[in-house]
Amino acid sequence: MSELISLSRVKKVFRTKNGNVTAVNNIDLQIQEGEIFGIIGYSGAGKSTLIRMLNGLEIPTEGQVTVAGQEISKIQGASLRKARQEIGMIFQHFNLLWSRTVRENIAFPLEIAGVPKEKRMKRVDELIQLVGLEGREDSYPSQLSGGQKQRVGIARALANEPKVLLCDEATSALDPQTTDSILDLLVDINKRLGLTIVLITHEMHVIRKICHRVAVMENGQIVEIGPVLEVFKNPKQPVTKRFVQQVTEPEESKETIAHLLKRYKDGKIVKLTFIGDSAEQPIIANLIRDFPVEVNIVQGKVSQTQNGAYGTLFIQIQGSEQDVQKVIAYLQTQQVESEVITHA
Amino acid sequence: MLEKWFPNVDWAMMWQATEETLYMTGVSVVATFILGLILGLLLFLTSKGNLWENKFIYSIVAAVVNIFRSIPFIILIVLLIPFTKALVGTIIGANAAFPALIIGAGPFYARMVEIGLREIDKGVIEAAKAMGAKTSTIIWKVLIPESLPALVSGITVTAISLVSYTAMAGVIGAGGLGNLAYLDGFQRNHNDVTLVATIIVLIIVFVIQFIGDFITSKIDKR
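For the record, the sequence lines run as chains A and B.
Note that the first sequence covers residues 1 to 344 in UniProt numbering.
Note that the second sequence covers residues 1 to 222 in UniProt numbering.
FYI, nobody ran anything at the bench for these hints, they're computed from the structure.
Where hints are given, some of them may not hold.
Said to hold, decoys possible - Chain A stretches covered by chain B per the calculated footprint, using a threshold of three residues with CB under 8 Å from any CB of chain B:
(1) 77-87
(2) 107-121
Unchecked claim - Subject to a maximum C-alpha distance of 30 Å in a straight line, what follows is the list of computed BS3-like cross-link-like pairs (lysine-lysine):
(3) B/K48 x A/K17
(4) B/K221 x A/K119
(5) A/K11 x B/K48
Claimed, not checked - Taking beta-carbon pairs under 8 Å as the criterion, some of the chain B residues facing chain A (in silico):
(6) V124
(7) A133
(8) T135
(9) I139
A virtual CB, placed ideally from N, CA and C, is assigned to each residue, including glycine.
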């Protein structure tokens, strides 16, 4: 894999009436070809500004942005427009032209690139098939659902066979089910076309489901970066931990644990974290068979990521002090991380 | 029957006046559309946060538009007499009305164009930029089509104003129904002529409104 996108010491300062605001502060980042790279952060973290610098919609105040060998932060005019044709982008609110049909919307970037009409029509038909919009070619955007609109957005972004697809909160306006189908489509496109995808989001669910690597942004800086599974397994920054909790710990688990801790003073509450292959091992079954303890499953969740499964399980272990200690020692020898919870 | 109800109406003259009114309105609507569209685009594009953001040009265009929009039309005609004379060679007749009609209505329409363009979702313009579109492509393929219903309803309102402007221009000697109603109806006290001229003006206005509404509803796919 070679490097497709490179940011070096990138900084963006906006001048406002109330002084200067540093939206992006000194970011170094490399994204490989064929990768699905996620950037997560709360609103105002600077992720939107960052993704807009990748196609020159924002110009960095300092530093360099290089995409597919072109220094986006430096080029202007015709060469920037040409470079943009190789970088597709989809948006939270789709940004389709209401005055054009599905077919005409998808044809728009081809018109911009000067593709002759016949070829254009052929390409549009291919794209309609790729995103699964057969039969809706002549509909107007107002006649489509949110998911269908985003499919048009994706088809439009892919029209000129770009090297990179930028996704600006592409699923944030969609319901969970539609979000999943759009994410599946993105993974499919990534695999089928080898397309590099850079997405920004505030939903850890999106990162978990499709990204290979993730960067966590806060106050204009990348505070944590790594393969998704690594970051899930071992979140270092408080902000990352909060995001990871979004998908691993349902809201109610805290209350349940507090409740159990109060009720069963003798037992121990243990949080098990499964990563990769260990998520598929019968650890609980072994535990019950081999130790004279009672195991009570409090709460659990296993999620699939692009590099394997990830899950957490809260169990309550009851038995003699000695046996419980043995169990905890056993768990520590396994490929799971265990943590005895003493307070919620 | 017509003779009895409208004894003073010379129908040939009335028809000729109607033709003159339609001619003045038609030509000035087309010219106003073009002038207003250019000025409106210029106002929009040079305003804050847009493609050609330029405070200086924006202020100048906005000032010119505001000045000409504020001058009462009847005074504007008089003010423009030297200009008209230099440009058209005469101040009498339908053609002599055009400078005043266009300069009077163009700025008015320009503001409507600007409002229509402002209503376009900024995200759509951003998307076109992200696709590598040139500014001219954005103007022709995004700004104009996406604001077309507003542009059409705006020109409908402007066209109706232009009908009444032609009547005022008629008083100064431009011909048309206003001229006929003034000279024949008012000065010779033929109320029936004024009434018929009014009815014809009303019919013209209704037809313009109907056509405008029809086109707007046809092209609006939102």
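(request) If any of the earlier hints don't hold here, list their numbers in rising order. (result) 8, 9
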